[in-house]
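Per our numbering, numbering through the sequence shown is continuous, rising by one, with the last residue being 588.
Because the hints were derived from the structure by calculation, they are not lab data. It cannot be assumed that every hint is accurate.
[To be verified] Okay, derived cross-link-like pairs now, DSS-like style, lysine-lysine, Cα gap no bigger than 30 angstroms in a straight line:
id, residue 1, residue 2
1, K423, K454
2, K454, K411
3, K413, K423
4, K581, K243
5, K413, K372
6, K413, K482
7, K453, K489
8, K115, K179
9, K413, K454
10, K429, K411
11, K372, K501
12, K482, K195
13, K489, K454
14, K115, K195
15, K501, K561
16, K453, K561
17, K126, K423
18, K411, K372
19, K342, K126
20, K439, K413
21, K439, K342
22, K561, K341
23, K439, K423
24, K372, K214
[Unchecked claim] Cβ-Cβ distance ranges computed for the label pairs, FRET-style:
id, residue 1, residue 2, range
25, L375, D465, 32 to 38 angstroms
26, L125, R444, 17 to 23 angstroms
27, A510, D465, 35 to 41 angstroms
Ideal Cβ placement from N, Cα and C applies to all residues, glycine included.
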Amino acid sequence: MENVIEDLANKIYINNKYVEAKGQDRLKLYNPATGNLVSEQVAIASQTDVDSAVQAAEAAMLPGSPWRTMTASDRAACFWKLSELISDPVHSDIIGKLDAACFGRPLSQFAAIDAKVARDGLRYYAGWVDKFHGECHTQEGGFIKCVRREPIGVCAAIIAWNGPLPSIFMKAGPALAAGNALILKPSEKTPLGALYVADLFREAGFPPGVFQVVTGAGQVGAMLASHMRIRKISFTGSVATGKKIQEAAAKSNLKRVTLELGGKSPLIVFDDAKLDLAAFWGANTIALNSGQYCVAASRVYVQQGVYDAFLEKYKGALEQIAAAKGDPFEKGTVYGPVADKLQFDRVSHYIEAGKKEATLLTGGEVDDGAAGLYIPPTVFVDPKPDARIYKEEIFGPVSTVRKFKTEEEVVAMANDSEYGLNAGVFTQDLDRAWRMTSSLESGTVCINAMSMVTTQTPFGGVKQSGYGSEGGMDSLLAYTQVKTVIISAT
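Make the full structure from the sequences, and use the hints.
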């Protein structure tokens with residue numbers, strides 16, 4: 099893996115080639131499990147680099163270009179080939195190890211989740227490439243009226259660091275299936291996997307300029323959001339940065355924007371729930387990825403009749419996960435460190451604040467991180483209604499538990515949030531379950547499950563969790579624009 103990291107040093111990916119970044123600044127990456135330096139030569143793209151990527155993408159979108167003239171079946175073949183390359187044990191092993199080194203993602207989780215989601219997503223979008231169709235309306239007044247969907251053109255995507263491989267294909271899949279060219283900026287915490295994957299697009303048969311990668315921190319994202327020749331941008335990350343992206347998009351060329359932002363997802367357990375199942379989902383969806391993902395079940399509501407019994411099972415499940423803490427490179431590890439020192443300090447601060455705002459149930463013991471940036475799954479019960487750990491997105495393995503009496507009460511509590519990304523309801527009452535799907539203000543509501551995201555269905559939020567969708571046909575349509583064609587038949 100060291101050779102791969104050396105090969106990617108100072109590089110960005112433009113026009114199907116690794117090139118030296120024109121910018122002179124560099125980023126350093128450290129392994130969060132060991133503190134060891136991973137790389138000190140991660141390129142920070144300059145405005146010149148971004149302009150070069152845009153120019154190559156524009157060339158790929160010109161009439162008569164290889165990409166524009168490629169048949170739908172040949173495009174689908176590129177997607178299938180890329181899915182095979184991602185699934186190849188050699189490539190998958192390298193990508194998994196790059197992510198483990200950069201942000202502590204356990205290899206066991208990468209193999210079971212990330213690689214599978216990426217592969218299946220590519221195959222799903224391969225099936226859509228030749229399914230786009232238009233409309234023709236009744237001839238009237240001597241005119242034939244047709245409607246067709248066309249690609250937007252040059253698009254950009256900024257992805258988060260907490261699941262880089264699936265995130266790449268949640269954006270590149272629909273963008274390229276719809277016929278666009280995409281410039282990707284990975285998070286500055288996890289740039290290496292995206293850089294490695296970039297050349298697999300070339301190997302799969304995608305023409306030059308169709309998929310490119312520029313690396314760097316927030317200033318590079320700002321260049322993309324404000325670029326006058328980029329027509330759409332899709333962003334995954336924090337609410338604060340999402341607002342800046344939207345502002346820059348509006349002030350530049352009114353480019354289209356898709357925002358997948360934060361979450362404070364509620365898990366609701368009714369008296370008739372299967373408690374073992376609810377505890378399993380609750381524990382695994384706050385501990386997965388060390389709590390560092392937007393649909394983590396960070397607010398838990400339990401009906402009073404089963405409150406104590408659920409807490410016992412929930413606490414036990416989390417402590418079992420915590421016992422499997424270890425080196426992300428070891429196959430038996432299921433619980434790794436948080437991504438970096440900044441994230442470690444942020445979550446630690448919330449935990450210390452939580453000790454003053456609620457009662458600690460389990461976890462909460464945080465050291466200085468010298469032996470690795472590990473934070474145990476931490477649960478607080480009975481938080482104050484305005485407690486920061488209860489109201490704010492922590493993005494770490496920290497949850498709060500509150501008791502409720504009635505359905506109406508828990509709906510009000512669950513909806514009392516500026517977020518609305520995902521929710522889970524555990525009950526055996528089908529009528530109640532169906533009512534809850536309508537009552538909860540959330541982009542996704544799961545019944546007897548939690549934090550589910552699927553390729554076939556839209557994934558997006560309401561309120562400050564963002565707008566627009568990834569996944570399903572909705573994401574494809576978001577990368578198209580409608581054109582009306584009117585033909586005189588006389």
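Hint check:
1. For a cut-off of 30 angstroms, the pair hint linking K423 to K454 stands: about 27 angstroms separates their Cα positions.
2. For the proposed pair K454 and K411, the alpha carbon gap of about 25 angstroms is at most 30 angstroms, so the pair holds.
3. The suggested pairing of K413 with K423 holds, with an alpha-carbon distance near 16 angstroms, which does not exceed 30 angstroms.
4. Our distance criterion of 30 angstroms between C-alpha atoms is met by K581 and K243, whose separation comes to about 11 angstroms.
5. As the CA atoms of K413 and K372 are separated by approximately 16 angstroms, the hinted pair is consistent with the 30 angstroms bound.
6. A C-alpha spacing of about 20 angstroms is found between K413 and K482, which places the hinted pair at or below 30 angstroms, so the restraint holds.
7. This hinted pair checks out: K453 and K489 have alpha carbons roughly 15 angstroms apart, not beyond 30 angstroms.
8. Taking the CA atoms of K115 and K179, the gap is near 19 angstroms; set against the 30 angstroms cutoff, the hint holds.
9. For the hint pairing K413 with K454, the CA-to-CA distance comes to about 20 angstroms; that is within 30 angstroms, so the pair holds.
10. Only pairs whose Cα atoms come within 30 angstroms are accepted, and K429 paired with K411 is accepted, the gap being roughly 26 angstroms.
11. Note on K372 and K501: the hinted pairing holds, with a Cα-Cα distance of about 17 angstroms set against a maximum of 30 angstroms.
12. For the suggested pair K482 and K195, the alpha carbons sit about 41 angstroms apart, so the restraint of at most 30 angstroms is broken.
13. Distance hint between K489 and K454 is fulfilled; the C-alpha atoms sit about 15 angstroms from each other, no more than 30 angstroms.
14. A threshold of 30 angstroms between alpha carbons decides the hint, and for K115 with K195 the separation of about 23 angstroms falls inside it, so the pair holds.
15. Restraint check for K501 and K561: the C-alpha separation of about 25 angstroms stays at or below 30 angstroms, so the hint holds.
16. A distance of roughly 29 angstroms separates the Cα atoms of K453 and K561; the hinted pair therefore holds under the 30 angstroms criterion.
17. Between K126 and K423 the CA atoms are separated by roughly 26 angstroms; this keeps the pair inside 30 angstroms, and the hint holds.
18. Restraint check for K411 and K372: satisfied, since their Cα atoms lie roughly 11 angstroms apart, inside the 30 angstroms limit.
19. Restraint check for K342 and K126: satisfied, since their Cα atoms lie roughly 25 angstroms apart, inside the 30 angstroms limit.
20. With a C-alpha separation of about 27 angstroms, the suggested pair K439 and K413 falls inside the 30 angstroms cut-off, and the hint holds.
21. Proposed proximity of K439 and K342 is supported: the alpha carbons are some 24 angstroms apart, at most 30 angstroms.
22. Between the alpha carbons of K561 and K341 the distance comes to roughly 13 angstroms, so the proposed pair stays at or under 30 angstroms and holds.
23. As the CA atoms of K439 and K423 are separated by approximately 18 angstroms, the hinted pair is consistent with the 30 angstroms bound.
24. In summary, the hint linking K372 to K214 is supported, as the alpha carbons are separated by about 29 angstroms, within the 30 angstroms threshold.
25. As the Cβ distance of L375 to D465 is approximately 34 angstroms, the hint placing it in 32 to 38 angstroms holds.
26. Distance hint for L125 and R444: a CB-CB separation of about 19 angstroms, consistent with the stated range 17 to 23 angstroms.
27. Range check, A510 to D465: about 39 angstroms between beta-carbon atoms, so the 35 to 41 angstroms window is met.
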